[in-house]
Amino acid sequence: MPAIEVRNLKKSYGTTVAVDGISFEVERGECFGLLGPNGAGKSTTIHCVVGALRPDSGEVLLDGEADPTRPSVRAKIGVAPQPIALYEDLTAEENLEFFGKLYNLGGDVLKTRIEMALEFSGLAARRKDRISTYSGGMQRRLNLVSGILHDPPVILLDEPTVGVDPQSRNLIFDNIESLKRLGRTIVYTTHYMEEAQRLCDRVAIIDQGKILALDTVEGLLRAHGGPPTVQVEFARKPAGLEDLGGEWEENRLRVRTERPMEVLGRIAGMGDAFQQVSIERADLEAVFLHLTGKKLRD
Amino acid sequence: MKAILTIALKDLKILARDKAGFFWVLLFPVLMAVFFGAISSGGSGNRAAMPIAVVDQDGSPYARAFLSELQKSEALRVREAGLDSARLLVRRGELVAYVALWPGAGQSFGFGGDSAKIELGLDPSRRAEAGYLRGLVTAATFSTMRGQFTSGGSGREMIRQSLASLQSDLTRSLEERRRAAGVLNNLERFMVSLDSTEGASDTTGAATAGGAGGPKIKVIDIAEEENGPRNAYEITFPSSVMWALIGVCMNFAISIVHERIRGTFLRLRLAPISRSQVLAGKGLAAFLAALGATSLLLLLAAVVFNVRITNPPALVVALVAAAFCFTGLMMLISVFGRTHSAVAGAGWAVLLVMSMTGGGMIPLIAMPAWMQSVSNFSLVKWGVLAVEGAIWRGFSPQEMALPVGILLAAGAVGFAVGARALSRSEG
Numbered sequence: 635m636p637a638i639e640v641r642n643l644k645k646s647y648g649t650t651v652a653v654d655g656i657s658f659e660v661e662r663g664e665c666f667g668l669l670g671p672n673g674a675g676k677s678t679t680i681h682c683v684v685g686a687l688r689p690d691s692g693e694v695l696l697d698g699e700a701d702p703t704r705p706s707v708r709a710k711i712g713v714a715p716q717p718i719a720l721y722e723d724l725t726a727e728e729n730l731e732f733f734g735k736l737y738n739l740g741g742d743v744l745k746t747r748i749e750m751a752l753e754f755s756g757l758a759a760r761r762k763d764r765i766s767t768y769s770g771g772m773q774r775r776l777n778l779v780s781g782i783l784h785d786p787p788v789i790l791l792d793e794p795t796v797g798v799d800p801q802s803r804n805l806i807f808d809n810i811e812s813l814k815r816l817g818r819t820i821v822y823t824t825h826y827m828e829e830a831q832r833l834c835d836r837v838a839i840i841d842q843g844k845i846l847a848l849d850t851v852e853g854l855l856r857a858h859g860g861p862p863t864v865q866v867e868f869a870r871k872p873a874g875l876e877d878l879g880g881e882w883e884e885n886r887l888r889v890r891t892e893r894p895m896e897v898l899g900r901i902a903g904m905g906d907a908f909q910q911v912s913i914e915r916a917d918l919e920a921v922f923l924h925l926t927g928k929k930l931r932d
Numbered sequence: 009m010k011a012i013l014t015i016a017l018k019d020l021k022i023l024a025r026d027k028a029g030f031f032w033v034l035l036f037p038v039l040m041a042v043f044f045g046a047i048s049s050g051g052s053g054n055r056a057a058m059p060i061a062v063v064d065q066d067g068s069p070y071a072r073a074f075l076s077e078l079q080k081s082e083a084l085r086v087r088e089a090g091l092d093s094a095r096l097l098v099r100r101g102e103l104v105a106y107v108a109l110w111p112g113a114g115q116s117f118g119f120g121g122d123s124a125k126i127e128l129g130l131d132p133s134r135r136a137e138a139g140y141l142r143g144l145v146t147a148a149t150f151s152t153m154r155g156q157f158t159s160g161g162s163g164r165e166m167i168r169q170s171l172a173s174l175q176s177d178l179t180r181s182l183e184e185r186r187r188a189a190g191v192l193n194n195l196e197r198f199m200v201s202l203d204s205t206e207g208a209s210d211t212t213g214a215a216t217a218g219g220a221g222g223p224k225i226k227v228i229d230i231a232e233e234e235n236g237p238r239n240a241y242e243i244t245f246p247s248s249v250m251w252a253l254i255g256v257c258m259n260f261a262i263s264i265v266h267e268r269i270r271g272t273f274l275r276l277r278l279a280p281i282s283r284s285q286v287l288a289g290k291g292l293a294a295f296l297a298a299l300g301a302t303s304l305l306l307l308l309a310a311v312v313f314n315v316r317i318t319n320p321p322a323l324v325v326a327l328v329a330a331a332f333c334f335t336g337l338m339m340l341i342s343v344f345g346r347t348h349s350a351v352a353g354a355g356w357a358v359l360l361v362m363s364m365t366g367g368g369m370i371p372l373i374a375m376p377a378w379m380q381s382v383s384n385f386s387l388v389k390w391g392v393l394a395v396e397g398a399i400w401r402g403f404s405p406q407e408m409a410l411p412v413g414i415l416l417a418a419g420a421v422g423f424a425v426g427a428r429a430l431s432r433s434e435g
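In order, the protein sequence lines correspond to chains C and X. First residue of the first sequence? That's 635 in the working numbering, and the numbers climb one at a time after it. First residue of the second sequence? That's 9 in the working numbering, and the numbers climb one at a time after it.
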């Protein structure tokens, strides 16, 4: 039985359709990505999955149960919302204690979990400080561990790296990879293709409330990414390469080809001096561009 | 219940750390109470016409004439009422005073008497007006007497006829005739003295009226009779209690918006607790904060400003009802908008109007009649009345029932409507 099943989910706000018939399944222990630009419907989907929003139609099954608002179901879910959902006038420790108590944690169990969460997020040294004094990255890390304090098997992370510095982002990536190793089921929404590419086993490309493609990263690249691009920069534009096709921009040649090594061999065989050579694989940005005709960050 | 308490304690901890919130909830009400208390203790300025009731249990032409004199005064707004009704209206603060004419009051306009036939019941919260009002009543008494004895000469003619009749009455002993003639001669001299003091009677006091042979006026401090206020702070601190409640109400209403914007409200809703537990937790925090702030205020009032709390159980009921009411109002105001500015703007607009019309700033009694009617729609009025009823108005349980009932009902409706709207707006 999948950890999460979403069937033909629809949700509108007035005349604006936020989610338009989305369906997917997330297997246990899988890290599933929802990749799309802002406003694509990722957060609305997450909110419907966890029961914070009532869908107009469709069905969500969490661990086989149809009502995600039931306390027994909610206890199995951990959520890190997109906003930093913490009390800024409380310390890190007080925030964690409060959220832990809401999940029926108490006594030594709660203390141990708080210790683990603070260590996990690298915030143990600042545990007694009010979080209004934290950097954005530190708040993001606390936001993440506040949602998983009760050690849920299913974790939904809604854009957990928005607005954080590279150091905090790497720490968050490390945290998520640790959770993957522990066998947690993770749903990860992002509009950063490199995050989805690095962390997710499967990715759903979502735009305007619809899933445009769903596969492993490799599968998406194969199906929608197009061939690799060979890029060569010459000292001066050579003759005799017209049959390779591609695009010239002054002394730079870009050739999209399924056989990049053959192209490189031709160039090397001509004996002309070249200054730089690179082969670029297609990425999820290219997949999104191919599927929608626009860039992810448009 | 554990989850509700957890949420409530978290909110109270945040409130305690919020300096601005602390100011509005506690310091501002204290400043208001002390400021207006000090002003009220120092006297009064221009007044609106004072609303009073007249109770005519005599029904004589003299009594009617007296009422007519009172009604002529531009300083008074006179209405007729039964005695119980008049006392109740004064006790509730809707009238400054009542004037009751007992049976036989009409006769006493001529010959006075040993017992007071006119009763003046005053609202002690209007001490500044009390002397002025007594002067107006006394003036009306004199005018009535002058009218009866001097206008058309009917009074003097009556006395002359009585003297002539007395002298020719041989059935009485000489001693009896001598004593009766003495009384009538004294009365005639009194009427002469009235002529000579015409135009100067407005400033004559109640004691003068009785001593000169007119009716005696018994002055009753209607609330003091039942533990009325001893100082202005007993009037201003009940108003400051309302300001504390307003502060709590706004603080928590805005905190709900803040939680919705920051996402913590979403996190609460995603926890394995019901939505009603979340709302109950928020409500409990506001209720406890309201109860705590108002209790602290009244403790301060009692210890520092010599405010008597004459009926502690009734005060507990009043504070609980008022705190409950403003907790419900808080929930309602929290859904007035989705941003801080929308909720703060709309909330303060509603509560300031309630406070202005309900006696939070100006005592109800000083308001014009139309505003006093409007004040019935203000929960602040019922809150002030309930607290005053327990502190110094000496309300009976039956009298407490109305303001307390209104506060509880309004709180329940506000909470239900607000919670429903909040739930719907959160999807």
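By construction, these hints were calculated from the structure, which means they are not laboratory data. Any given hint could be a false lead.
[To be verified] Okay, the calculated beta carbon distance ranges per label pair:
(1) C:R704 / X:F30: 50 to 58 Å
(2) C:D690 / X:L39: 25 to 33 Å
(3) X:A429 / C:R764: 54 to 62 Å
(4) X:A46 / C:D763: 22 to 30 Å
[Stated by the list, open to error] Derived lysine to aspartate or glutamate pairs resembling EDC-like cross-links, with alpha carbons at most 20 Å apart:
(5) X:K21 / C:E722
(6) X:K10 / C:E728
(7) C:K929 / C:E828
(8) C:K735 / C:D785
(9) X:K10 / C:D742
(10) C:K762 / X:D26
(11) X:K27 / C:D723
(12) X:K10 / C:D808
(13) X:K27 / C:D763
(14) X:K27 / C:E731
(15) X:K21 / C:E728
(16) C:K710 / C:D723
(17) C:K710 / C:D654
(18) C:K735 / C:E749
(19) X:K21 / C:E664
(20) C:K644 / C:E664
(21) C:K844 / C:D697
(22) X:K21 / C:D723
(23) X:K21 / C:E828
(24) C:K710 / C:E693
The beta-carbon is built from N, C-alpha and C at its ideal position, and this holds for glycine as well.
Structure-based check of all given hints:
| no. | hint | verdict |
| --- | --- | --- |
| 1 | C:R704 / X:F30: 50 to 58 Å | violated, 39 Å |
| 2 | C:D690 / X:L39: 25 to 33 Å | violated, 52 Å |
| 3 | X:A429 / C:R764: 54 to 62 Å | violated, 32 Å |
| 4 | X:A46 / C:D763: 22 to 30 Å | violated, 43 Å |
| 5 | X:K21 / C:E722 | holds, 12 Å |
| 6 | X:K10 / C:E728 | holds, 17 Å |
| 7 | C:K929 / C:E828 | holds, 14 Å |
| 8 | C:K735 / C:D785 | holds, 13 Å |
| 9 | X:K10 / C:D742 | holds, 17 Å |
| 10 | C:K762 / X:D26 | holds, 18 Å |
| 11 | X:K27 / C:D723 | holds, 11 Å |
| 12 | X:K10 / C:D808 | violated, 35 Å |
| 13 | X:K27 / C:D763 | holds, 18 Å |
| 14 | X:K27 / C:E731 | violated, 23 Å |
| 15 | X:K21 / C:E728 | holds, 10 Å |
| 16 | C:K710 / C:D723 | violated, 28 Å |
| 17 | C:K710 / C:D654 | violated, 27 Å |
| 18 | C:K735 / C:E749 | holds, 15 Å |
| 19 | X:K21 / C:E664 | violated, 40 Å |
| 20 | C:K644 / C:E664 | violated, 24 Å |
| 21 | C:K844 / C:D697 | violated, 24 Å |
| 22 | X:K21 / C:D723 | holds, 9 Å |
| 23 | X:K21 / C:E828 | violated, 41 Å |
| 24 | C:K710 / C:E693 | holds, 18 Å |
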